[in-house]
Every structure is written in C-alpha cells, then in structure tokens.
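S.K.: Sequence:
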Amino acid sequence: MSSTKELEAAWSALREHWAIEPSPQPLPKTPVYSALRMFLSPALRPLLRWRIHGADRIPRTGATILAANHLSHVDPIAVIAAARRTTHYLAKDGHFSNPMTRFVMHATGQIETHREAGGSDALAGAANILINGKALGIFPEGTRSKRKEAPFLLPGKTGVARLAAAHPHAVVVPIALVGTREVMEPQHHKWPRLHRRFDVNAGEGVSWLQWLGSADGGNMTPASLQSLAQAEDHEVRSELARMYRTFTDQLMASLTALGAP
71 MSSTKELEAA WSALREHWAI EPSPQPLPKT PVYSALRMFL SPALRPLLRW RIHGADRIPR
131 TGATILAANH LSHVDPIAVI AAARRTTHYL AKDGHFSNPM TRFVMHATGQ IETHREAGGS
191 DALAGAANIL INGKALGIFP EGTRSKRKEA PFLLPGKTGV ARLAAAHPHA VVVPIALVGT
251 REVMEPQHHK WPRLHRRFDV NAGEGVSWLQ WLGSADGGNM TPASLQSLAQ AEDHEVRSEL
311 ARMYRTFTDQ LMASLTALGA P
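Residues in the sequence shown are numbered from 71 upward in steps of one, following my numbering.
Take the hints with a grain of salt, since some may be wrong.
Stated by the list, open to error - Computed list of lysine-lysine pairs in BS3-like fashion (alpha-carbon distance at most 27 Å, straight line): (1) LYS204 / LYS99; (2) LYS216 / LYS227; (3) LYS218 / LYS162; (4) LYS162 / LYS227; (5) LYS216 / LYS162; (6) LYS204 / LYS227; (7) LYS204 / LYS162; (8) LYS162 / LYS75; (9) LYS75 / LYS204.
Keep in mind the hints are simulated off the structure, nothing from the lab. Treat the numbers as computed from the prediction; the structure is a model and nothing was measured.
Between the sequences and the hints, there should be enough to build the whole structure, so can you do that?
M.R.: Quick look at the structure:
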C-alpha cells in the first residue's frame, strides 16, 4: 500500500490543474461573533428543541468543510451552533447592501461574494478561509431546495469537491439537517418556530487525500496519478471532472444516509 506522502506528492504534481487562487482579502475579525457564541448560544440552547448527533466528528481546529443540505433560512445557524467554532459562510453581495445587515454579516465572519464575478469569486473566498485553517460552511446543492415535497435534496454541485481537492488535508464533514424546514419554511414562515424539533446529524469526515487513495473513493495510486500527469490537458481535465463528480455524489449519498430529507 502506498504511503500518504507518496500520494500527496503525486497529487501535487497535478497542481496546475486543480489549484484555486485564494482571495487576497483578509478574513474579517469576529469579536461580535465570539461574544454571541460565548453568551447567547448557551442561553438559547435550552430553549431550542434540537438534538446534535456526532458533534465529536466536527474538528475543533484546522481547515474544515462543513457540508450540509439546505432547506431553510435557519440552516447556517444550525450548522454554526453544532460546530461550536467560528464558521464562515459565503454570502451574496445583496446581504451586505443594508448598513445594519452589512455590520452583522462582517461581524460574524461571513464573506461577501459578488455575483458579477461568477463562481470564481466564491471559490477564491472559500479558498481563503481554508488556507487560513478555518471552518467553511457550504451547501453542496448550491441553493436552498425549492421542492414542495420530499425528497428535498437536490443533486450536488462539484464546487465542494474542487475545494477539497485544492486543500487535500481539509476534513469534509457531511451534516444532515432534519426538520429545519418545519422550523422556518421558505416563503411561508416569517419567523422561526422555535418549538419545532430538528436534528443536526454529523457524519464521519474525510479529507481529499484519504478519499483519493481509498478503494471505495477515488481508488488512485501514486503510479496512476503520475501517469495522469503525463496525459494531455483535456484528458486530465476529463479525469478530474470525473473524480469531482464521484466525490460529490458520494457526499450527497452520505447526507441521505444521515437522514437528509
């Protein structure tokens, strides 16, 4: 069996094909966020009818991707509360147009992305979070599910796989949110119904390198990666696209297995 170092070296040889240039913007300071987590979060926990399963599977430090299904406006709050560490989300620039919401978004460490810049701006912002060893919250579906009936889970977009591949030691943790739609259904409830029960189910995390060398994952060896590095560019792109899709599909299957409706 090849060592992780050999696999990492072989993967690094393909860097020009998978690297994501991080945003040069410094991450925002989060004193308000820290204060809310320290004082408000413990006060709210007894009032909420929620259960966290697998909280110990969420790393307390280091680059981490928290990948959850998306049903409701309360989903980011549920993930952040379960993580019990500063977690950054990417947010559309429209959320920063109002001075009050802009202050809250910046104070809680959320990262502004500009729609006119396309997906590259979002990936650069996400890469900046991970390269600084922080936690990134992400919804692999790319949007909140608009379905009116179960199954609500949408096919995953491969951006999460691209980020994992560009930060191969970052741990990707699948998190299934169950019941948050009933807490605050989009376009139906103006305020969250705190009396409704919901669950946050965290699964086993895996890094890109772990997945890459697993027989049940990428099933790649140093030799196969070295061979890929010698291939034509279009062949490399095609193979990476296949790996990204497989990683994403397996992540979405994990969310389903954890109970994501």
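S.K.: Taking the hints in turn, state whether each one holds.
M.R.: Taking the hints in turn, this is what the structure says about them:
| no. | hint | in the structure |
| --- | --- | --- |
| 1 | LYS204 / LYS99 | 12 Å, holds |
| 2 | LYS216 / LYS227 | 16 Å, holds |
| 3 | LYS218 / LYS162 | 24 Å, holds |
| 4 | LYS162 / LYS227 | 17 Å, holds |
| 5 | LYS216 / LYS162 | 18 Å, holds |
| 6 | LYS204 / LYS227 | 22 Å, holds |
| 7 | LYS204 / LYS162 | 20 Å, holds |
| 8 | LYS162 / LYS75 | 38 Å, violated |
| 9 | LYS75 / LYS204 | 23 Å, holds |
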